[in-house]
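Going by the working numbering, the sequence shown opens with residue 125, and the numbers climb by one from there.
FYI, nobody ran anything at the bench for these hints, they're computed from the structure.
Treat the hints with care, as some may be off.
Between beta-carbon pairs, the in silico distance windows are [said to hold, decoys possible]:
(1) Gly204 to Val558: 32 to 38 Å
(2) Val236 to Pro351: 43 to 49 Å
(3) Ser537 to Phe420: 20 to 26 Å
Pairs of lysine-lysine, DSSO-like flavour, derived with a Cα cap of 27 Å [said to hold, decoys possible]:
(4) Lys156 to Lys575
(5) Lys459 to Lys275
(6) Lys158 to Lys344
(7) Lys275 to Lys568
(8) Lys232 to Lys189
(9) Lys189 to Lys459
(10) Lys158 to Lys568
(11) Lys158 to Lys232
(12) Lys459 to Lys568
(13) Lys158 to Lys459
(14) Lys240 to Lys344
(15) Lys575 to Lys232
(16) Lys344 to Lys275
(17) Lys240 to Lys275
(18) Lys344 to Lys156
All figures in this text were calculated on a predicted structure; none of them were measured in a lab.
All C-beta atoms, glycine included, are put in the ideal place defined by N, C-alpha and C.
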Amino acid sequence: MGATVDWLRTSTPGLLVLCGLAIAVLLIAIIKVKLEPFVALLLTGLVLALAAGLPVAEIVGTPLKAGESLLETGFGGILGHIAVIIGLGTVLGAILERSGGADVLTDKLLRVFGEKGAPVAMGLLGLIFGIPVFFDIGIFVLAPLIYVAAKRGGRSLVLYAMPMLAGLSMTHAFLPPHPGPVALGGLLGVSLGWLIIMGFVCGIPGFIAAGIVWGSYIGKRVHVDVPKEFVPLEPNGTNGTTEVDGSGGTTVLTKTPPSVALIGAIIAIPLVLILGATFGYQLLDEDSAVLQVLTFFGTPAVALLITVLVAFYVLGIRRGSTVQELSTITAESLKPVGMVLLVVGAGAFFGKVISATGIGTALADTMSAAGLPVIVLAYLISCGLRIAQGSATVAIVTTGGIVAPLVADQGYSQMAIALIAMAIAAGSIILSHVNDGGFWIIAKYFNMTVKQTLQTWTVLETILSVVSFAVAALLFSIFV
Numbered sequence: 125m126g127a128t129v130d131w132l133r134t135s136t137p138g139l140l141v142l143c144g145l146a147i148a149v150l151l152i153a154i155i156k157v158k159l160e161p162f163v164a165l166l167l168t169g170l171v172l173a174l175a176a177g178l179p180v181a182e183i184v185g186t187p188l189k190a191g192e193s194l195l196e197t198g199f200g201g202i203l204g205h206i207a208v209i210i211g212l213g214t215v216l217g218a219i220l221e222r223s224g225g226a227d228v229l230t231d232k233l234l235r236v237f238g239e240k241g242a243p244v245a246m247g248l249l250g251l252i253f254g255i256p257v258f259f260d261i262g263i264f265v266l267a268p269l270i271y272v273a274a275k276r277g278g279r280s281l282v283l284y285a286m287p288m289l290a291g292l293s294m295t296h297a298f299l300p301p302h303p304g305p306v307a308l309g310g311l312l313g314v315s316l317g318w319l320i321i322m323g324f325v326c327g328i329p330g331f332i333a334a335g336i337v338w339g340s341y342i343g344k345r346v347h348v349d350v351p352k353e354f355v356p357l358e359p360n361g362t363n364g365t366t367e368v369d370g371s372g373g374t375t376v377l378t379k380t381p382p383s384v385a386l387i388g389a390i391i392a393i394p395l396v397l398i399l400g401a402t403f404g405y406q407l408l409d410e411d412s413a414v415l416q417v418l419t420f421f422g423t424p425a426v427a428l429l430i431t432v433l434v435a436f437y438v439l440g441i442r443r444g445s446t447v448q449e450l451s452t453i454t455a456e457s458l459k460p461v462g463m464v465l466l467v468v469g470a471g472a473f474f475g476k477v478i479s480a481t482g483i484g485t486a487l488a489d490t491m492s493a494a495g496l497p498v499i500v501l502a503y504l505i506s507c508g509l510r511i512a513q514g515s516a517t518v519a520i521v522t523t524g525g526i527v528a529p530l531v532a533d534q535g536y537s538q539m540a541i542a543l544i545a546m547a548i549a550a551g552s553i554i555l556s557h558v559n560d561g562g563f564w565i566i567a568k569y570f571n572m573t574v575k576q577t578l579q580t581w582t583v584l585e586t587i588l589s590v591v592s593f594a595v596a597a598l599l600f601s602i603f604v
């Protein structure tokens, strides 16, 4: 028995077996036992740490000093990096939603692209509005606008929904301030500026292939009518009102909606500030006063805070809203954020344990011997976790924790690490099926059976994943 334990804790094959068993236990806890991912990740991490023979003081600290323990540094390190960003990003999305920004963008895009180009317009709507808005919130806000477009065109709801969903999924998986990319920035030590750049570079081809090409193809072959219980009314041009069903998804605006240019400018503010700091760091001297200014305002938390304050004023105060009303919107939007942060924190702790056990080094040795590039390994691990347990966020933070030790000492550039992050993000969205909550939201909101959802949405996510990874892997092979 002692020899077996020593083998598990000290040899490369043993550490790999231990890691595999830990991940298997994690998946069983989430899938079979239906344990909340936050609890499952925390429990599995603690059990793995004990099984690997790590000292208790290293795992949880002592009664007098716990600040340097794996538990606290695992949670604290990542949450200190992402909590403010995710919180501010959520608030910004809520303000844009309540302002009528989605209605305005939809109406403008439909006028520009016309009836035949409506599916492309819906894809761009999802792409633009998806930058500051969480995936599921984006569906709730944009679904009634898809119904309007389908009613206008008289064609299948699938034709209009798939491009929009591809846009939302691409931004959610690849671009900050969404939880997955932000978490990867902290786990892998890569700037959000590089993640934004590589997110667009890798994600846009996937969006075109999955949303525009596949969406147009399958939309002509799977016919779905607008649900009868939804009676969409087009934005009337005077008060921006859009009627949804009466189940709490209604958004009613009593003021003149903002302009498209204003909404676009607000969405662009954090991207411009963050990218300004990223490029400034590459081009300017470290002691430059200009670089200090760019760095301060381009710090993601500061950039998003500025954007939120601008949105508060131009979309709220200036249009007659009170500070109390804005505070109410802020409080409501932040309610779902707590569980997201807990899952990310627990995933980071799990990854910290993996690093401390030496499993990361064992994986690196095995990978080197097999000749498997780190970017391919990262993608395959993320794919496996996504397919097995359904949550993209869990797949991202768990894979990020496993892969982080593999990239830490390799001297990779920020661009290379960002491409590895894109591979993880791409793997986290592959093959959405019945264990994914988003699968059921889409089936419900777009009036599809399980079979139709598998034919349309599941294939879309797989195409988006594979094409985006292919772009990341190609760039990695060329520039690394």
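Hint check results:
no. : hint                         : verdict
1   : Gly204 to Val558: 32 to 38 Å : 36 Å, holds
2   : Val236 to Pro351: 43 to 49 Å : 27 Å, violated
3   : Ser537 to Phe420: 20 to 26 Å : 24 Å, holds
4   : Lys156 to Lys575             : 23 Å, holds
5   : Lys459 to Lys275             : 34 Å, violated
6   : Lys158 to Lys344             : 38 Å, violated
7   : Lys275 to Lys568             : 18 Å, holds
8   : Lys232 to Lys189             : 58 Å, violated
9   : Lys189 to Lys459             : 32 Å, violated
10  : Lys158 to Lys568             : 22 Å, holds
11  : Lys158 to Lys232             : 44 Å, violated
12  : Lys459 to Lys568             : 23 Å, holds
13  : Lys158 to Lys459             : 22 Å, holds
14  : Lys240 to Lys344             : 13 Å, holds
15  : Lys575 to Lys232             : 34 Å, violated
16  : Lys344 to Lys275             : 15 Å, holds
17  : Lys240 to Lys275             : 13 Å, holds
18  : Lys344 to Lys156             : 38 Å, violated
Checked against the numbered hints listed earlier, the structure breaks hints 2, 5, 6, 8, 9, 11, 15 and 18; every other hint is satisfied.
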